[in-house]
Amino acid sequence: MIELDEVSKTYESREGRLDAVSRVSLRVERGDIFGIVGFSGAGKSTLVRMMNLLERPDSGTVRVQGRDLGALSAAELRQARLSIAMIFQHFNLINNKTVAANVAFPLEIAGLPRAERDARVSECLDIVGLSEKAHAYPATLSGGQRQRVAIARAIANRPSVLLCDEPTSALDPRTAQEILNFLQKVNRTMGVTVVIVTHQMNIVNDICDKVAVMEQGRVLESYSLADADYEPTSEIGQLLSQRHANVFKLVAQRERAYA
Amino acid sequence: MLETIIADIAHRLPELIVSLGETFLMVGIALAAAVLIGVPVGTTLYLTRKGGLVERPRLFAALDILVNVVRSFPFMILIVALIPVTRFLLGTSLGTVAASVPLSIVAIVYYGRLVEQSLLDVDRGVITAAVSMGASVLEIVFKVLLVEARSGIVFGLTIATVSFLSFSTLAGAVGGGGIGDFAIRYGYFRFETDTMVFTIAVIVMLVQLIQFSGSRFARALDKR
Chain A
1 MIELDEVSKT YESREGRLDA VSRVSLRVER GDIFGIVGFS GAGKSTLVRM MNLLERPDSG
61 TVRVQGRDLG ALSAAELRQA RLSIAMIFQH FNLINNKTVA ANVAFPLEIA GLPRAERDAR
121 VSECLDIVGL SEKAHAYPAT LSGGQRQRVA IARAIANRPS VLLCDEPTSA LDPRTAQEIL
181 NFLQKVNRTM GVTVVIVTHQ MNIVNDICDK VAVMEQGRVL ESYSLADADY EPTSEIGQLL
241 SQRHANVFKL VAQRERAYA
Chain B
1 MLETIIADIA HRLPELIVSL GETFLMVGIA LAAAVLIGVP VGTTLYLTRK GGLVERPRLF
61 AALDILVNVV RSFPFMILIV ALIPVTRFLL GTSLGTVAAS VPLSIVAIVY YGRLVEQSLL
121 DVDRGVITAA VSMGASVLEI VFKVLLVEAR SGIVFGLTIA TVSFLSFSTL AGAVGGGGIG
181 DFAIRYGYFR FETDTMVFTI AVIVMLVQLI QFSGSRFARA LDKR
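Chains A and B supply the protein sequences, listed in that same order. In this text, residue positions in the first sequence follow the working numbering: the first is 1, and each later residue adds one. In this text, residue positions in the second sequence follow the working numbering: the first is 1, and each later residue adds one.
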């Protein structure tokens, strides 16, 4: 579904060069919930933003549904983006538009006739359980509700991919769980491939099928969480695999080591 | 004493009303120019700057400098400097409409800057989201940017209107008339202090009314 081949991105600034992403290759299969984890500054956000070309890689290719995004014209890219939805840490809703108008926005871009638009909007709001808030403005909603509106907006055009850039990082744990449930629902009922970038390790164990561990712009390892025989080599990978084993043992070991 | 003041003012009232009409005409033309041309100018400044959606450094620099140059002119000098332009456009450089030409030029650049500032205040994340949804630049401008910035744009127009009112008082220099010219002619040149005070009171009330309704409207538009 998504194939990154040797993509790199370097930022030049007054402080010097920063290799945000260096030579990353990655495959996300259709129907996956794919986690990209790492500490902040690992290049996760840049990587996921390459998947809809919000960030253009300096080198390497990005293929979504078999199409090389870098080779598309501006108009073709806009067309391709209709099926690559995205949600963000800070929701990024249009605050001067009602909830319904926010969800209708991508449909307007897609050129859907008004009658169909209205039907689709109520359908999507229903999926995230916010039908009664259709005429409210985002400012009157809680963070969790705003993210649900963002999900409704993201699925409005029935995308094949949903990119999530730190979707729960601005939310409290319980609301975060609720959002994850909706993402899972979207994945299972609509067959949408989901990519989640996060620094919250528990998300990966909660809903991801596969994970890529990033550090300093590189993917250290990428594997399926269902593969019981796989032995993670990265520190984060090992932390993740401790979910059934004894996490406390590892922590205790570390504490002894520092003592 | 009071009776003479009232008589003086009553005597000048018909002319005051005519002057007020001239002021409204000039400010109205300037406002139309500000909205029709100033908004596109401000939007272009926003879009073409470094890191903007349609980065065009050269166009941005040219427009940026032009706006600053026009805004540098003392308005009185600008009126005189633009006389040939006004004559070319209207066939005359005298009268209320003619005085609206320099006023409109100032209105465009002044309001353009205010619009640019309002757009810069729009959260970049919302723009990013719109880009990720496949929106074109025009769709982003009309359906996101101007929607999110609308209360700042209206508030800016309120500030601009008061400034245009102030600028318009110099229109007498090219026979534009208006309430400022009225105050100078009767209040200053003829030493009719009561007329002067009354005229200024009218202007003060006008400004209060503009600011009050503008602020209110801007607040009503703001759902953020």
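Calculated from the structure, these hints are not laboratory results. Bear in mind the structure is a predicted one, so any value in this text is a computation, not a measurement. Honestly, I wouldn't trust all of these hints.
[What the hints assert, rightly or not] Simulated pairs of lysine-lysine, DSSO-like, Cα-Cα distance not exceeding 30 Å:
{"no.": "1", "chain 1": "A", "residue 1": "Lys-97", "chain 2": "A", "residue 2": "Lys-185"}
{"no.": "2", "chain 1": "A", "residue 1": "Lys-133", "chain 2": "B", "residue 2": "Lys-50"}
{"no.": "3", "chain 1": "B", "residue 1": "Lys-50", "chain 2": "A", "residue 2": "Lys-97"}
{"no.": "4", "chain 1": "A", "residue 1": "Lys-97", "chain 2": "A", "residue 2": "Lys-133"}
{"no.": "5", "chain 1": "B", "residue 1": "Lys-223", "chain 2": "A", "residue 2": "Lys-97"}
[As the list claims (entries may be wrong)] Here chain B is said to cover these stretches of chain A; the calculated rule only asks that three of the stretch's residues, wherever they fall, bring their Cβ under 8 Å from a Cβ of chain B:
{"no.": "6", "region": "72-86"}
{"no.": "7", "region": "98-111"}
Note that beta-carbon positions come from the ideal geometry of N, C-alpha and C, so glycine has one too.
Hint-by-hint comparison with the structure:
1. For the hint linking Lys-97 (chain A) to Lys-185 (chain A), the alpha-carbon distance of about 26 Å falls within 30 Å, and the restraint holds.
2. Note on Lys-133 (chain A) and Lys-50 (chain B): the hinted pairing is violated, with a Cα-Cα distance of about 39 Å set against a maximum of 30 Å.
3. Restraint check for Lys-50 (chain B) and Lys-97 (chain A): satisfied, since their Cα atoms lie roughly 28 Å apart, inside the 30 Å limit.
4. Between the alpha carbons of Lys-97 (chain A) and Lys-133 (chain A) the distance comes to roughly 12 Å, so the proposed pair stays at or under 30 Å and holds.
5. The suggested pairing of Lys-223 (chain B) with Lys-97 (chain A) holds, with an alpha-carbon distance near 8 Å, which does not exceed 30 Å.
6. Closer than 8 Å: that is the beta-carbon criterion, and the region 72-86 of chain A has 9 residues meeting it against chain B, so the requirement of 3 holds.
7. Counting residues of the region 98-111 of chain A whose beta-carbon sits less than 8 Å from any beta-carbon of chain B gives 5, enough to reach three: the coverage restraint holds.
Taken one by one, the earlier hints fail for this structure only at number 2.
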